[in-house]
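Undergrad: In case you want the letters, here they are:
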Amino acid sequence: MAIGRPAESIAEIPTAESTAARWFRIVRQFCRQRPLGAIGAVIVLINLVVAVGANVMAPYDPLATDYGAMLAAPNRAHWLGTDAFGRDVLSRLLYGSRTAMLVGFACAFWGATVGAVIGVASAYFAGKVDLIVQRVMDIFLAFPLIILALAIVSIFGTGIGNVILAITIPMIPRAALVARSSALAIREMPYIDAARAAGFRHKRIILRHMLPNVMASYLIMLTAYLGQAILLEASLSFLGLGVAEPTAAWGLMLRGAAVQFAESAPWMAIFPGLAISLAVFAFNLFGDSLRDALDPRLRTQ
Amino acid sequence: MAWTPLLLAAVVLVASPVAAQEKPRYGGELVFVVPSELPSYDGHREGTFGVVHPMAPHYNTLLRVDPNDRTGTKIVADLAESWAVSPDGRVYTLKLRRGVKFHDGAEMTSRDVKASYDKIVFPPEGVGSQRKGQYTNVEAIQAPDPSTIVFRLKWAQGSFLSLLASPYSWIYKADILAKDVRWYEKNVMGTGPFLFVEHVKGSHWVGKKNPNYWDKGKPYLDGYRAIFMKDAAPQVAALRGERAHIQFRGFAPSERDSLVSALGRRIVVQESPWDCAAWVVMNQDKKPWNDRRVRRALTLALDRHQASQALSRIAVVKDVAGVQVPGTPYATPPAELEKLAGYSRDIRKSREEARRLLREAGVPDGFTFTFMNRGVPMPYEPVGVWLIDQWRQIGLNATQQVNESAKHVGELRGGNFEVSMDAQCGYAVEPDLDLHKFQSTGISHNNFGRYTDKVLDDLYQKQSRALDPEERKKYVREFERRLLDEEAHQFVTLQWHRIVPHSAKVRGWTITPSHYLNQQLDVVWLAE
Amino acid sequence: MGKYIVKRVLLMVPTLLGVAVLIFFLMRVVPGDIVELRFAGESAFAQKENLDKERVRLGLDQPLLTQFIRWMSGIVQFDFGTSMWTGAPIIEEIKLRFTLSMQLAIMATIVAVVLAIPLGVLAAIKQDTWIDYTVRIFSIAGLATPSFWLGIVFILLLLIVFKWLPPMVYTPFWVSPVQNLAQLIWPALAVGYRYSAVATRMTRSAMLEVLREDYIRTARAKGLWQNLILSRHALKNAMLPVLTVIALEFAFLMGGLVVTEQVFNLNGLGMLFVESVAHRDYTLTQALVMLVAFMFIFVNFLVDLAYAWLDPRIRFR
Numbered sequence: 059m060a061i062g063r064p065a066e067s068i069a070e071i072p073t074a075e076s077t078a079a080r081w082f083r084i085v086r087q088f089c090r091q092r093p094l095g096a097i098g099a100v101i102v103l104i105n106l107v108v109a110v111g112a113n114v115m116a117p118y119d120p121l122a123t124d125y126g127a128m129l130a131a132p133n134r135a136h137w138l139g140t141d142a143f144g145r146d147v148l149s150r151l152l153y154g155s156r157t158a159m160l161v162g163f164a165c166a167f168w169g170a171t172v173g174a175v176i177g178v179a180s181a182y183f184a185g186k187v188d189l190i191v192q193r194v195m196d197i198f199l200a201f202p203l204i205i206l207a208l209a210i211v212s213i214f215g216t217g218i219g220n221v222i223l224a225i226t227i228p229m230i231p232r233a234a235l236v237a238r239s240s241a242l243a244i245r246e247m248p249y250i251d252a253a254r255a256a257g258f259r260h261k262r263i264i265l266r267h268m269l270p271n272v273m274a275s276y277l278i279m280l281t282a283y284l285g286q287a288i289l290l291e292a293s294l295s296f297l298g299l300g301v302a303e304p305t306a307a308w309g310l311m312l313r314g315a316a317v318q319f320a321e322s323a324p325w326m327a328i329f330p331g332l333a334i335s336l337a338v339f340a341f342n343l344f345g346d347s348l349r350d351a352l353d354p355r356l357r358t359q
Numbered sequence: 012m013a014w015t016p017l018l019l020a021a022v023v024l025v026a027s028p029v030a031a032q033e034k035p036r037y038g039g040e041l042v043f044v045v046p047s048e049l050p051s052y053d054g055h056r057e058g059t060f061g062v063v064h065p066m067a068p069h070y071n072t073l074l075r076v077d078p079n080d081r082t083g084t085k086i087v088a089d090l091a092e093s094w095a096v097s098p099d100g101r102v103y104t105l106k107l108r109r110g111v112k113f114h115d116g117a118e119m120t121s122r123d124v125k126a127s128y129d130k131i132v133f134p135p136e137g138v139g140s141q142r143k144g145q146y147t148n149v150e151a152i153q154a155p156d157p158s159t160i161v162f163r164l165k166w167a168q169g170s171f172l173s174l175l176a177s178p179y180s181w182i183y184k185a186d187i188l189a190k191d192v193r194w195y196e197k198n199v200m201g202t203g204p205f206l207f208v209e210h211v212k213g214s215h216w217v218g219k220k221n222p223n224y225w226d227k228g229k230p231y232l233d234g235y236r237a238i239f240m241k242d243a244a245p246q247v248a249a250l251r252g253e254r255a256h257i258q259f260r261g262f263a264p265s266e267r268d269s270l271v272s273a274l275g276r277r278i279v280v281q282e283s284p285w286d287c288a289a290w291v292v293m294n295q296d297k298k299p300w301n302d303r304r305v306r307r308a309l310t311l312a313l314d315r316h317q318a319s320q321a322l323s324r325i326a327v328v329k330d331v332a333g334v335q336v337p338g339t340p341y342a343t344p345p346a347e348l349e350k351l352a353g354y355s356r357d358i359r360k361s362r363e364e365a366r367r368l369l370r371e372a373g374v375p376d377g378f379t380f381t382f383m384n385r386g387v388p389m390p391y392e393p394v395g396v397w398l399i400d401q402w403r404q405i406g407l408n409a410t411q412q413v414n415e416s417a418k419h420v421g422e423l424r425g426g427n428f429e430v431s432m433d434a435q436c437g438y439a440v441e442p443d444l445d446l447h448k449f450q451s452t453g454i455s456h457n458n459f460g461r462y463t464d465k466v467l468d469d470l471y472q473k474q475s476r477a478l479d480p481e482e483r484k485k486y487v488r489e490f491e492r493r494l495l496d497e498e499a500h501q502f503v504t505l506q507w508h509r510i511v512p513h514s515a516k517v518r519g520w521t522i523t524p525s526h527y528l529n530q531q532l533d534v535v536w537l538a539e
Numbered sequence: 107m108g109k110y111i112v113k114r115v116l117l118m119v120p121t122l123l124g125v126a127v128l129i130f131f132l133m134r135v136v137p138g139d140i141v142e143l144r145f146a147g148e149s150a151f152a153q154k155e156n157l158d159k160e161r162v163r164l165g166l167d168q169p170l171l172t173q174f175i176r177w178m179s180g181i182v183q184f185d186f187g188t189s190m191w192t193g194a195p196i197i198e199e200i201k202l203r204f205t206l207s208m209q210l211a212i213m214a215t216i217v218a219v220v221l222a223i224p225l226g227v228l229a230a231i232k233q234d235t236w237i238d239y240t241v242r243i244f245s246i247a248g249l250a251t252p253s254f255w256l257g258i259v260f261i262l263l264l265l266i267v268f269k270w271l272p273p274m275v276y277t278p279f280w281v282s283p284v285q286n287l288a289q290l291i292w293p294a295l296a297v298g299y300r301y302s303a304v305a306t307r308m309t310r311s312a313m314l315e316v317l318r319e320d321y322i323r324t325a326r327a328k329g330l331w332q333n334l335i336l337s338r339h340a341l342k343n344a345m346l347p348v349l350t351v352i353a354l355e356f357a358f359l360m361g362g363l364v365v366t367e368q369v370f371n372l373n374g375l376g377m378l379f380v381e382s383v384a385h386r387d388y389t390l391t392q393a394l395v396m397l398v399a400f401m402f403i404f405v406n407f408l409v410d411l412a413y414a415w416l417d418p419r420i421r422f423r
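Protein chains in written order, with the working numbering: chain A, 59 to 359; chain B, 12 to 539; chain C, 107 to 423.
Just so you know, these hints were derived from the structure itself, not from any lab.
Note that CB positions come from ideal geometry on N, CA and C, so glycine has one too.
A few of these clues could be false.
[Said to hold, decoys possible] No farther apart than 30 Å at their CA atoms in a straight line, the calculated lysine-lysine pairs in the DSS-like style are these:
1. K34(B) with K165(B)
2. K109(C) with K186(A)
3. K269(C) with K165(B)
[Unchecked claim] One-sided and incomplete, this derived list gives chain B residues near chain C with beta-carbon spacing under 8 Å:
4. E209
5. V211
6. R362
Looking at chain A on its own, in the form it has when it is part of the complex (with noise of 0.2 Å):
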């Protein structure tokens, strides 16, 4: 593989001017080479806003039922109409954001974070730790997704904190597998082999070289995993492996009834699979555009 040539990288930009102006510089440079992204990025913004200010923005109590309005479709009080127990459909989607995000930043976040750990360290140490690690690795990669999710969430339970969990742990492997390669490709560049000879240690060589090539890669994945995460917990939640009712999540808002009233209340499993979908979508245009610009050659993920 042609990896380690120098990068064109965004990072590349002279540290001349302020912090802001470079900032500034480097988002509208983003936005006029990458116009994709640039949406993704906003919609992304769009969705962490709507997570926080989930409880000024709602119109209702996302846990409020109401037996005289079950299943109403959209109209002037319920802009996207309630679900089987009267509850606003367009609440339970903004908190349900809340949800998405928490668990979409915590799993991306650890899934990539342990992932690098262990493949840096496996590379560095070579020989036989990394012989081991990987067989580890391995093993987890080459186990059924949906076995380990089931077999986490009947241990420990339904709730957000063993979804994230769940998902982090199948992340981790994946995670790994591409730390490490990037780490080994600079490990056998022909100047860390000088630097060797050098005499250089190895803790200056990791920081000064590895590391940052790992950063790249790192933050690609944590930007891929982001959107894997939501879709994991919105499909974990939807076979009753997720987070519990009554709280609002988007996978579970199209659980049992919505798929039952699927065809006489459409909107109980549209706007929720709109809504997962948008967000999927926004962090992996995000994403992919962030791969293009901080290493074109990067493959995988």
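Please build the complex by placing chains B and C on the supplied structure of chain A, with the hints as guidance.
TA: Chains B and C only, in chain A's frame:
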């Protein structure tokens, strides 16, 4: 609202419940969907309707529930043509039909009946019998001559006939059992109206007409095909596309509505209260659930009458009920039921009472506890959402913990919960079967509340041994009042509601409160 | 090369063993008990001694290590035992479902390849034009749509618009090819779309990279007909990573289509998986996990071989 649920069901019912008025047509293959897959083929060993629906047509039982009886409580003859009970109620002598043949041509005699019941009641080493515990009262089974079978009981038991009508107690062939007692786990050989043709795992099960069936003129169908489909959406699609005639277990209200709106007069809906109820159980090993005031508060908070109307639109629950299926002989009439805690129509008063009880018990406002539920969409999850909302209105904050089914059973058994959803289902409406679970822990294998209540156990015994129906009714009522109100050990939320929409072509099948009953298909026929 | 193959095969053993240990102990840590579940129907009447008898019969009363060794020694002789739930040999349980899953995976792969390769190549050649953007949006949308949601929408649309119904029972290809394909084409399309999204992205980025290689630039400069270069040189080099992704997705499809199988009523491995776990059918779950893990590892092995064959340096690492 003055009604009986059966009356209500009759309004919904379009088809004539008594097939006899029309002349049955011969021929045709009945195609039905089974929302489960069967484990082994041995009905004595298994406990799921997934075994009964595809397999019951291959077998007969000694007695059975009248296929035209909507209450599912009327016992009629099957392989036994008559029976007599000794004056002390301890000896049951049954006369068997002559000329009944197994599918391999061999004659069925009392030897086969004895061998089958011996396997159920006194299973040999290494043979699992699901129902051994139900027949603990049987002292001996005797076959004095080829057409007579005698059951000797340890004590008089009013419900013993319904145990002989259990839809699982199929009569097997003695010679086969003698050679290999586990043969029936993988093979089929009965006396029933249909012969076994084929089983493709995970896919379907096929039976064809038994031309030599002992009940001359039956069955009407040429055969049947049971299709295994786990998910509800394709089941509905199969009925909607008229590729399957019926799914005997039941559909959700929304599914019924979409079928009716799509097929109009080509679909018929039969509904009945279900012999299953959604229960709430509190773990009395944990505080504050050992305090009866707190338990009573939980049941007082529930507006059952409103839920009956609201939840019945979205879930398979409907009737406000006590410990027996509404409309059946031992059920408490609605007016009397309203006297129980949490059954009153004045919900404000009930909730005030609930708050008062909580205060007295020292449970603070906003008290948080975990409510454990089973991760099954129908009807557990909607009822769970409703319960949490109801408790919120008396200042209790329940967070839900949803478990996958297998774990749910494990956690209930292990006592790792505070308050949980539970269910009680029976294959027949019969207090002995329906109430057994609520006796003291140790007597009932499934007392998840972990309480001991000698008074309750005593009432169970009294009702079980009462031979006079009125006397028995009295004990059942007392049992109910103590369980649901005075002690509030566990309580019913709503009775499940069975909804079976089916092709208008299907005739001769009558819904009962149990999805285990009435599956022999000998009287079912298909109209043009 | 021979030495490399031997080394890779030997490395498969510890991984498979690890998977075996993991699933064996995981299943036993997960709460739930097959005996309780079997007798749950009327278990208020269940008696402890009766349940214990059943445990003895299933061998669940043995020490864990004994159970594990017994299972392993069976596997070494290719004997997977019988299902604890149905009592039927595991091979018999898996056979029919495997055929269906395999066929669906193959059909979805064909759909994905047919979509992904032309789209990916097109997007790379026309990088940063509206064509590229359209392709990318189309493929990212595929990744962003939850499969269960897509399945439900698909079924509803098919039902209402085309009056198409999911199959009642599976008809094997050799019994009736037309009926068989008519049944599986829709789920194959639904799965293939998502799958193609992954492959399209990979094709695009691999192509982009190859297009930047020096010899392609040289060829372009020499004025060779662009299409010719693309098909002859570029595509061949871009094939490997694309092949990798397709192969791994294929392995994933073999055991991971739970929701699709559910909504389309397909009697495949995914549903069997969920059922066997739900019943705590240890033997069947273990066998299925081993099967899926083996498929994954084996596909990986083939991919590695392909790499090694094309790039001799790898063999000597």
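Undergrad: Does the CB of E209(B) sit less than 8 Å away from some CB of chain C?
TA: violated, 11 Å
Undergrad: When the nearest CB of chain C is found for R362(B), is that gap smaller than 8 Å?
TA: Violated - the Cβ of R362(B) stays beyond 8 Å from chain C, reaching only about 32 Å at its closest.
Undergrad: Can you confirm whether the C-alpha distance between K109(C) and K186(A) stays at or below 30 Å?
TA: Distance ~20 Å between K109(C) and K186(A) Cα, so the pair holds.
Undergrad: Assess, step by step, whether the Cα of K34(B) is no farther than 30 Å from the Cα of K165(B), and give holds or violated.
TA: violated, 46 Å
Undergrad: For the hint on V211(B), just tell me whether its beta-carbon gets within less than 8 Å of chain C.
TA: holds, 7 Å
Undergrad: With a cut-off of 30 Å on the C-alpha distance, tell me whether K269(C) and K165(B) pass.
TA: violated, 61 Å
Checked against the numbered hints listed earlier, the structure breaks hints 1, 3, 4 and 6; every other hint is satisfied.
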